[in-house]
Amino acid sequence: NAGVTQTPKFQVLKTGQSMTLQCAQDMNHEYMSWYRQDPGMGLRLIHYSVGAGITDQGEVPNGYNVSRSTTEDFPLRLLSAAPSQTSVYFCASSYSSSANYGYTFGSGTRLTVV
Amino acid sequence: AQSVTQPDIHITVSEGASLELRCNYSYGATPYLFWYVQSPGQGLQLLLKYFSGDTLVQGIKGFEAEFKRSQSSFNLRKPSVHWSDAAEYFCAFLVPSGYSTLTFGKGTMLLVSP
Chain Z
12 NAGVTQTPKF QVLKTGQSMT LQCAQDMNHE YMSWYRQDPG MGLRLIHYSV
62 GAGITDQGEV PNGYNVSRST TEDFPLRLLS AAPSQTSVYF CASSYSSSAN
112 YGYTFGSGTR LTVV
Chain S
2 AQSVTQPDIH ITVSEGASLE LRCNYSYGAT PYLFWYVQSP GQGLQLLLKY
52 FSGDTLVQGI KGFEAEFKRS QSSFNLRKPS VHWSDAAEYF CAFLVPSGYS
102 TLTFGKGTML LVSP
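Here the protein sequences line up with chains Z and S, keeping their order.
Whatever position you read off the first sequence (first residue = 1), add 11 for the working numbering.
Whatever position you read off the second sequence (first residue = 1), add 1 for the working numbering.
Quick caveat, the hints were computed from the structure, so don't treat them as lab data.
Remember, it's a predicted structure, so these values are computed and weren't measured experimentally.
All residues carry an ideal CB built from backbone N, CA and C; glycine is no exception.
Misleading hints may appear alongside valid ones.
Computed spacing ranges between beta-carbons, pair by pair [stated by the list, open to error]: (1) GLN72(S) x PRO19(Z): 40 to 50 Å; (2) TRP84(S) x GLY14(Z): 25 to 35 Å; (3) SER71(S) x GLY64(Z): 37 to 47 Å; (4) LYS69(S) x PRO50(Z): 24 to 34 Å.
Make the full structure from the sequences, and use the hints.
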């Protein structure tokens, strides 16, 4: 089924561990982004990409790295996990950043850092 | 600074009663505006969006929203709430120029009482 696929759905990490949250879309969308959702904070933008090879920081980029080597994939890397990164992470994609095309969200990755 | 505010953290409505969720934005012009719904443990689903034109927009699941430029508001309404509407609702906006990112409010949790 066409859409945004996030893996894993759940993950527990120890402080200091590294991991990569995967995001893939098969809709040929140029625009992809990562958000984190915390209680009472809504969704906050971590990083986004407007095309392969182009990424930029959002509102809360510290502690996260991204790269975009293909149109389909936009992985989010945590180099040294901290308890403050315990959150639910959502990946979203769009044909462009224009609202006319709409955003498609993945089902999320629930990350716990202990 | 550009922002979107949802003044109500929680709202409880009786089943069958009408609903209005508030959303205010801060931006020098008219942004693109959205309402998303998130059921527990799920991703985000787009309810409706406003770009321009008719200020009353219809969405899915019987929801509608009215854009009021004079009040910088985009409130979500439903005439009769069903128990299945219990969820968290997010207002979001997008600056309609260049590459822009979707900015979310902090959300309103809707509880539906019998």
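Query raised in the report: So does TRP84(S) sit 25 to 35 Å from GLY14(Z), Cβ to Cβ?
Result: holds (27 Å)
Query raised in the report: CB of GLN72(S) to CB of PRO19(Z), is that within 40 to 50 Å?
Result: holds (43 Å)
Query raised in the report: At the C-beta level, are SER71(S) and GLY64(Z) separated by a distance inside 37 to 47 Å?
Result: holds (44 Å)
Query raised in the report: Measuring from beta carbon to beta carbon, are LYS69(S) and PRO50(Z) in 24 to 34 Å?
Result: With Cβ atoms ~29 Å apart, the hint holds.
In terms of the numbered hints stated before, the structure departs from none.
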